[in-house]
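**Student:** With the hints as a guide, bring both chains together as one complex.
Residue numbers (my numbering), protein chains in the order written: chain A, 1 to 339; chain B, 1 to 442.
Some hints here could point you the wrong way.
Stated by the list, open to error - Cross-link-like lysine to any residue pairs, in silico, SDA-like; alpha carbons within 25 Å at most:
| # | chain 1 | residue 1 | chain 2 | residue 2 |
| --- | --- | --- | --- | --- |
| 1 | B | 122 | A | 318 |
| 2 | B | 385 | B | 154 |
| 3 | B | 206 | A | 106 |
| 4 | B | 122 | A | 328 |
| 5 | B | 206 | A | 105 |
These are calculated hints, taken from the structure and not from any lab test.
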Amino acid sequence: MIDLNTIWFVLIGVLLAAYAILDGFDLGTGVWHLFARREDERRAHLTAIGPVWDGNEVWLLTAGGALFAAFPPVYAAVFSGFYLAFMLLLAALIFRAVALEFRHHNTAPAWTRWWDWAFGLGSLVPALLYGVAIGNILRGIPIDVAGEFRGSFLGLLNPYALLVGALTLVFFAMHGAAYLAMKTNGDQAARMRTCVTRSWIAFVALYVAATVASVFTAPRLFEAILGKPLFWACFPLLLVSVVAIPVFANGPQPRRVFAATSATMFAMVGLAGTSLYPDLAPSSLDPAFSLTAYSASSTPRTLGVMLIITLVALPAILAYTAYVYYVFRGKVTGDEGYH
Amino acid sequence: MNAILLARIQFALTVGFHFIFPPISIGLAWLLVVAEGLGWRRNDAVWREVGRFFGGLLAITFAVGVASGIVMEFQFGTNWAGYSRFVGDIFGAPLAAEALFAFFLESTFLGLYLFGRDRVSKGVHWFSILMVAVGSTLSAFWILVANSWQQTPAGFELRNGRAELTSFFEAVFNPSTLPRFLHTIDASLIAGAFFMAGIAAALLFKDGENAVARKALKLALVFGLVFGGIEVFPSGHYSAQQVAATQPAKLAACEGLFEGQERAPLTVFGVPGQTELKLAIGLPGALSLLAFNRFDAYVAGLHDFPEDERPPVFITFTSFHLMVGLGTLFLLMLSWGCFRLWQGRLWTDRLTLGAFVLALPLPVVACELGWMCAEVGRQPWIVYKLLRTADAASEVVSAGAILFSILLFGAIYLLLGALYVYLIVKMVRRGPGPTSTEGSAA
Numbered sequence: 001m002i003d004l005n006t007i008w009f010v011l012i013g014v015l016l017a018a019y020a021i022l023d024g025f026d027l028g029t030g031v032w033h034l035f036a037r038r039e040d041e042r043r044a045h046l047t048a049i050g051p052v053w054d055g056n057e058v059w060l061l062t063a064g065g066a067l068f069a070a071f072p073p074v075y076a077a078v079f080s081g082f083y084l085a086f087m088l089l090l091a092a093l094i095f096r097a098v099a100l101e102f103r104h105h106n107t108a109p110a111w112t113r114w115w116d117w118a119f120g121l122g123s124l125v126p127a128l129l130y131g132v133a134i135g136n137i138l139r140g141i142p143i144d145v146a147g148e149f150r151g152s153f154l155g156l157l158n159p160y161a162l163l164v165g166a167l168t169l170v171f172f173a174m175h176g177a178a179y180l181a182m183k184t185n186g187d188q189a190a191r192m193r194t195c196v197t198r199s200w201i202a203f204v205a206l207y208v209a210a211t212v213a214s215v216f217t218a219p220r221l222f223e224a225i226l227g228k229p230l231f232w233a234c235f236p237l238l239l240v241s242v243v244a245i246p247v248f249a250n251g252p253q254p255r256r257v258f259a260a261t262s263a264t265m266f267a268m269v270g271l272a273g274t275s276l277y278p279d280l281a282p283s284s285l286d287p288a289f290s291l292t293a294y295s296a297s298s299t300p301r302t303l304g305v306m307l308i309i310t311l312v313a314l315p316a317i318l319a320y321t322a323y324v325y326y327v328f329r330g331k332v333t334g335d336e337g338y339h
Numbered sequence: 001m002n003a004i005l006l007a008r009i010q011f012a013l014t015v016g017f018h019f020i021f022p023p024i025s026i027g028l029a030w031l032l033v034v035a036e037g038l039g040w041r042r043n044d045a046v047w048r049e050v051g052r053f054f055g056g057l058l059a060i061t062f063a064v065g066v067a068s069g070i071v072m073e074f075q076f077g078t079n080w081a082g083y084s085r086f087v088g089d090i091f092g093a094p095l096a097a098e099a100l101f102a103f104f105l106e107s108t109f110l111g112l113y114l115f116g117r118d119r120v121s122k123g124v125h126w127f128s129i130l131m132v133a134v135g136s137t138l139s140a141f142w143i144l145v146a147n148s149w150q151q152t153p154a155g156f157e158l159r160n161g162r163a164e165l166t167s168f169f170e171a172v173f174n175p176s177t178l179p180r181f182l183h184t185i186d187a188s189l190i191a192g193a194f195f196m197a198g199i200a201a202a203l204l205f206k207d208g209e210n211a212v213a214r215k216a217l218k219l220a221l222v223f224g225l226v227f228g229g230i231e232v233f234p235s236g237h238y239s240a241q242q243v244a245a246t247q248p249a250k251l252a253a254c255e256g257l258f259e260g261q262e263r264a265p266l267t268v269f270g271v272p273g274q275t276e277l278k279l280a281i282g283l284p285g286a287l288s289l290l291a292f293n294r295f296d297a298y299v300a301g302l303h304d305f306p307e308d309e310r311p312p313v314f315i316t317f318t319s320f321h322l323m324v325g326l327g328t329l330f331l332l333m334l335s336w337g338c339f340r341l342w343q344g345r346l347w348t349d350r351l352t353l354g355a356f357v358l359a360l361p362l363p364v365v366a367c368e369l370g371w372m373c374a375e376v377g378r379q380p381w382i383v384y385k386l387l388r389t390a391d392a393a394s395e396v397v398s399a400g401a402i403l404f405s406i407l408l409f410g411a412i413y414l415l416l417g418a419l420y421v422y423l424i425v426k427m428v429r430r431g432p433g434p435t436s437t438e439g440s441a442a
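Just chain B, with the same shape it has in the complex (with noise of 0.2 Å):
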């Protein structure tokens, strides 16, 4: 093996594995903004004991997500050294931008929910989880800004062997930057939702009376499905238009499509084999449709670009049909729980509430399923049209230093994943807390 690949190997698994805990974190951290509004407002103790337990599960999805994302700040630097002479006048400032305006809100007022409850008032309290939310909220914007000019690169010059910022409007505003923000935003809040909806229905599997997890799955069934339906139409049609303008190559990866043509079919199910979609059932001209808004719009399939600049397919089509099938699942699921709870059936429904519990993981699957069609969709390259990543990677690192980090960072994620679901079980079996006293005691 070389070193590119272990590098690429190794990038993917520390991002991969973090990349599990902000959509929770995201999504729950606003979960909790109307929970712990409603305990304020209402003087609720229900509702405070919702945000109660849900903030203690939020603090362990946070300090997780928190270990794993050290890694990051360093790791274009350890591993990709040469993107980051490339890049570093560009790419640099949004991940310290991150830092400045969400890393220090997100961790500074996490410390100050967590453990403040009974040190400052309410009202304090409320905007501390805010802040929280907000800060989450913004992290994930910045970073998507740098994700985003990797893949639609705007506001720069090829100057003295590297990108050479002119715009920085340009840079932050890219084609892709709103597009992806507001769809993996919406996807972290479907997260969230399908978080907290599964512990809830786990609990009521368990008693059937818990107010606690009544209010909770309540709010994250309609919360969930607001979102849903959005995260469908128009935010997944509107990342779909824009992946179809600024990287065709890409979509036709993801639609595998080999041969360009009008009318292109919507693929529902295929197997994309080395120079054809094998098993292809698909809806006529629909394709050339939602990307283009005509029914007759030529749509580039991958036989139209060089070999040496069409991305893997295989990956990227199965993960982004996947991702389109988890999220037509949710919005199924979401509209049924809406429906069982407006039919007042839903606390006893166990086969629902199952499957709740069951589908707890699923949208970070859909998470990862969506970045890893993001990432491998833009190969061969790095920074599109500009940078391949075979030209990326630090010179100086051996393969046999990459694989020494693999195999610790492996360890220590299969360890802290193992950890974080016996503690989230753990306080999922202990349960919320009693709410006919003073619920804000600790």
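With the rest of the complex left out, here is chain A (with noise of 0.2 Å):
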């Protein structure tokens, strides 16, 4: 059954995906920002990202435009349902954003400490509304049978949804650190891979925690799963990356470690897309409100138009974005930064 509607449910995710992979690790660096105690560190920190959190963060909008072209109503649906989680969402992202470019114009310690916080909390909170966002997601919204939301901002904060919630904000710390043990040095580099260690263990436990608490709170999820062939794709591949992430985490290559919370996050986009196709926004009111794939789509026409421009632009963006990544690898020196 591949037919555009499918095709453009799985991108959506792709591209979902390719920004918690990648703006992730920016997000993580963030959290980690707000616990560093040396200035060289921070330092490091904002040099990691400098060339790159701008293009990372363009998947976020990428998608935002996609949903926008691919399925209207439940843009429309979930961004004025989600309205006071979602301004506080950007007002953290503007902060963030300005941050990075403002913070070195200046050297006195409260313009920096200022910007060193607004980055940190503009990416903590971004890490964890993502979270709640999903949770709600999965766990189903009281749209009505015109497809508006009916619930409250309050709702919205179940403890269901601050579950998955936690379980981003950790998962991107851990990525967070991944990332930064790839791109610092020395005993910076050590701690941030004892970080690894340590959220993983905080992030097994919250997903096995976000696993059994969907089965009470959204069992239609698990109901036509082991049917599903992406399960059988996804579910495997989660399986080893997550006991990759500790083993790597002490081996010799941090690139691995990068690589295996990469693919975790990939697997888990992609097994949270399984479970839920082809709803893109389950109603908890009735199931026949849901907006699908189906129900909730644009015509065929624009969808087969978005697809054209997709397949011609995604493979020079991620051409383009390689050879970036390429010119800044390897580790970040002290010397190096701005210009």
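**Tutor:** Right, here's the structure in full:
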């Protein structure tokens, strides 16, 4: 059953996974930034993500635009429904973006401290809110017959969604630590490896807890899952990559840890998407009101045009993004940085 | 206050603030393509320093533009859910195309341009600023495709209670896309030129011998004069003819023309009232000629349209005339600046230098006025003749929630705006670096 609706369901998932993997380590870096003690460590954080974070964030904008183009009723219902949460998210992302650019223009301690906080909290808040949003989608949201969200802001902060929020926060922290272990030197890199291992314990505990909670909160996610082919691709990948994280964290190649956390993220998005399919925004009021890849899609013509645009643009994007990562490969050095 | 009005204020605030930065970024990026290109090909340390110094200013401008732009991608969904459902089949595609074709390009290569000066060859470094310029220009193209479709919708059919795409090509190249794209890009080039000229003039004000500032000012003035001329003719004229042909009510509001007439006058000055233009000074027949190439052509007036389809006259008229006035001023200033340059007296002409410092933000003001005229002049429609603004907002978002977001973003933008000005002033005070040694050193 590969039709345009399914292809776009998968593509939205791919865009979100790319965002989570790429900007995920920027967000994770921001979380560790809050705990850094020394100025040279903070500098290393900023230098490590400086040339690439902006391009990474574009994956989020692309996913937003693609959701609008492919599934307008979902875009309309979810973003207007999650209004206040979204405004907080946008405010946090705004502060994070300017913090990275403004911080180095003044050496006054009050100035740098303020932007350190802005970068840290501007990373931590989105990392948490993404999970809260995903948790609510997995759980189902009060969508009425007209496709309108009928819930409240406080209703979004339910225990299940907060649990998923904690899970994504811990995951992004682990992923960021893996990136920093790869990009930094000496004792900072060693400490980041320890951070990977410690976050891994919390991550596994939270993942198990979230899975158990899902069985009770959203049993429909598991109903037909064994019959979906993608499950049999994502689930083994998840198992292997999750086990690989602590193994590689103590190994000689920090690059492998980062590959393992990236693969874990990809598998998690894949599993979430597989269990949701074909729902994009399941309704908790009545399954018939759910916005699905079929009930809430654009016309086949628009989906087709968008697919062509994506197939033209994506190879080029991947090529020049890979080139820029190649240029900035290797560990950051102390005297390097801006301009 | 009702939720619709609040939603409109929220949109005006977020777009209005965001739109300060892209015109400067686009214009400056193209100026840097020239400056960095000269630095590379001529192996000229002064031009390279022009690139490095203004590249730093571009970085800040771009950052605030990106930060405030994140909101844009999502607020159709947050605040205009009704609109999103109605036009999503058409309107989402250009937004996604903008991200895929433009945002990735400009963001990725800006990182390479700013951080990679010592890591890549000079040719690749120049290529990276070229891609920033191309990317930001493509971004303007796709967002203007989306906005132009709101002005002159095409390539669709009304089916299933929404606008459904019938021809992507017709929707993208709808009647107003090209004139509006060219007019806006040209305006951005002028904004970049005045930004560079104003800062170079400030540096020369302090030190008339500053070689970096001299080269920058020369480049900005010549570049600005070329594109300032094109902006008035043919671009401005082409835009006005397109509005006359496709949105006659907007043209009437721009000109404060209440009664339709042949030999319609081109208003030079006037104060729009409720039913007539007061204190009007106009050139008889000139509007008919400019809009339809004939003196005796009939130009529709506001009273030719039903009352509930007339745009607000005061804002449309005032923003349009101030924009045209500013455009004329720019052309005069650029001509005068180039004349003094040709005379060889510009570097010590403190009056002219001071005028360029003061004029630095004016093209951005003109851009904002042009945008206001285009958007307010389209009212009461959000999609011209298809969907009223009043029917487009998010039903489930309360007035209180919108008010909260207005206050939140109002406070953030006030802070960002102040910090932006502070940082620009600080960087200009510090001035360009030395050029006698290796110009490429960071």
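**Student:** If you test the structure against every hint from before, which numbers come out violated?
**Tutor:** Nothing - there is no hint that the structure violates, so all of them hold.
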